[in-house]
Amino acid sequence: MSADILNMKQETAPAGLRKWEQEFGQTAKGAAITYNRSGIAIKPLYTPQDWSGRYDDALAYPGQYPYTRGVYASMYRGRNWSQRQLIGLGVPEDYNARVKEILGLGASALSLIPCNSVFRGYDADEVPHELLGTCGTVVNHVRDMEVALDGVPIGEISTAMNDPSPFTLLAFELAVAKRRGIPWTSITGTSNQSDCISHFVANHMFFRLALQGARRVVVDHIKFCNSHVPNWNPLSIVGQHMQQAGATPAEAMALTLASGIQYAEDCIAAGMEPDQFLPRFTFFFDISISLFEEIAKFRAGRRVWARLCRERFGAKDPRSWRFKFHGQTSGVDLTRQQPLNNIARVTTQAMAGIFGGLQSLHTDSYDEVFSTPTAEAARIAVATQNILREEAQLTDVIDPLGGSYYVEALTDEMEHKINEIIAMIDEAGGMYSAVESGIVQRMIGDSALAFQKKVDTGEQVVVGVNAYQIPEDSESYPALEYPDPEKIQVYLKQLAEFKRSRSATEVTNALDDLARSVESRESNVFEHVVKAADAGATHGEICGRLRKELGFGHPLTLV
Amino acid sequence: MVLRPPRVIVTKIGFDGHDRGSRVISATLRDAGMEVIYTPPWQEIATVVKLATEEDADVIGISSLATDHLIIPQLMAALKEADLSDVQVIVGGIVPARDESILLEAGVARVFHPGAALDDIVTDVITLTAKRRQLQGESV
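Read top to bottom, the protein sequences are chains A and B. For the first sequence, the working numbering gives the first residue as 935, with consecutive numbering after it. For the second sequence, the working numbering gives the first residue as 5, with consecutive numbering after it.
Some hints here could point you the wrong way.
Estimated spans, in silico, between C-beta atoms of each pair [unchecked claim]:
id, chain 1, residue 1, chain 2, residue 2, range
1, A, K1034, B, L108, 32 to 42 Å
2, B, E59, A, R1241, 20 to 30 Å
3, B, A101, A, T1329, 38 to 48 Å
4, A, R1241, B, D60, 33 to 43 Å
To give a feel for the contact side, a few chain A residues facing chain B, derived at Cβ under 8 Å [what the hints assert, rightly or not]:
id, residue
5, Q1386
6, V1399
7, D1447
FYI, nobody ran anything at the bench for these hints, they're computed from the structure. Even for Gly, the Cβ is constructed at its ideal location relative to N, Cα and C.
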């Protein structure tokens, strides 16, 4: 058994280690080797024998290539991570009230989650009214955005919007900035859900345009933002969808970096310089409760991306090598049974993200298994971040687990696994080819089913679900109220009034220009989305016109 | 007495596209020997009704994560309208307790919440298939 655990020749092992192994074997219960979610074998003890890397090459100091220990020299000593809670409900007035409340509680950055009808590319007057504003804010035009952002200093605070191709929400925000006299150069934030590959693969919720059409628009969007909104992050590459859909942490990281490679190659093909667009690429990941595995995932991801950018794309500016990411605690780990236990889960996940060196964090509310979060649960989620930072002092030391024999060995193993999957995607011709052939979806689906089977057999314990159960008490938990139907009726009237108040000619011309921009490779489609939004075209009109030109998004049917 | 394999439609209506649930359920029911008709998300209610007729479905499974369950009463009405009241409808996903009773009143046979065991879902689909065939006057 001893040689199996240590994977080294007995004669070279230090005497103390040999003695430990013997004593361990006499008292330990169960299998000596366990496996993490990514399928990596985990030993009961790590020692100096397990890591032989060179410090300067493999780790280096924070803020130095390959950034294993963090992308900035001062990390949280210099700047707190952005506490960016997802917000979105009801009509623009509701959103605005919630934003003002949450900013007062210490949130330092905004997010905007629109209604699902918006995600599918429709205006409120095109869909069943029952669904409006039930899990996101209805935002259909520039006037809505003015209301949503009323009193919010958009030139000073970063705004992240769930805004898939063709990025109408950013277009509305830019139109609002123009009306307020705020220069676009001072607008900061991120186009979340700009990664159409992840939508096609794993979260079809955001999949509006056919894959190749979305591919064209995202490149135009990156190009436009780099030139006109230079402090905006036009691309957030999303591993969260893949992991939520079932990918293991290593698979999620690898597939996300493979998507990053694909977007970088598309930008280069469109004539852009790596050092122009790479500094504005950002990432978004799920943080599961598998604590050390997640920490290793992020440390390995930073190293792999830095090397790809420098070696594969020849980027020379250190800002191009930095892997900056937003993390969201994993909803899949939360349980309906004994829901307050979710607060402990979210705390653990958040710690993994912080030790992993994230730049921005959303902590889930414990009641997300019942409904869109209630106000009290959302407050606890923000407080969890404050407690970890201010009370637990997690931020005093940069990369506090760096140098741990286990964490460094695991980081290497995750890196190895990530590189293997990236090589497989390269072999398949890149991410677009790989997803069109279905191999990525199959990988994720297989992992999802395998995990569920482990839960069902009890191999993976989930407290309250397959172990430590107590009689069901969930009925007593309140769910968020849906918007008052009256409010929705008022909204629909206002939408009709807005449409009547516009210059019909200007809107028609702007939409015609938009359609023409698709035909010419020289034109920038997103530039025309911005112009149409400013002219008063609605979200549904812009998306509808582009659907006609580029095709509707339909996922591959694979089971 | 051997049950002809249940025929089950697994689908999503409305706007949400989170389909981990519907995919895992489809694969599970298929592994259990059932005939599964899987669709991608965003189906129209009329499409689901048409599919149920064409496929002679015993059970329709609707997966809902983000409030799309609110239009399930419309689906139930449309099934009734099409004379398909015998088709058993089950729902899985995030459904607040107060909405569960609305769905059950509308004729939904069962709502599965997060944490439901796959085995229980398989057992229920078999039971509901037998019920549907009895309603049709078919010997099980």
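Here's how the hints hold up against the structure:
Between K1034(A) and L108(B), the C-beta spacing of about 39 Å keeps the proposed range 32 to 42 Å intact. A hinted range of 20 to 30 Å for the beta carbons of E59(B) and R1241(A) is inconsistent with their spacing of about 51 Å. Checked against the given bound of 38 to 48 Å, the beta carbons of A101(B) and T1329(A), roughly 39 Å apart, stay inside it. Checking the proposed 33 to 43 Å range against R1241(A) and D60(B) shows it is violated: the Cβ atoms sit about 56 Å from each other.
Because the beta carbon of Q1386(A) sits about 5 Å from the nearest beta carbon in chain B, less than 8 Å, this interface hint is met. For V1399(A), the interface hint holds, the least distance from its beta-carbon to any beta-carbon of chain B being 5 Å, beneath 8 Å. Because the closest C-beta pair between D1447(A) and chain B is about 29 Å apart, greater than 8 Å, the hint is violated.
When each numbered hint is compared with the structure, violations occur for hints 2, 4, 7.
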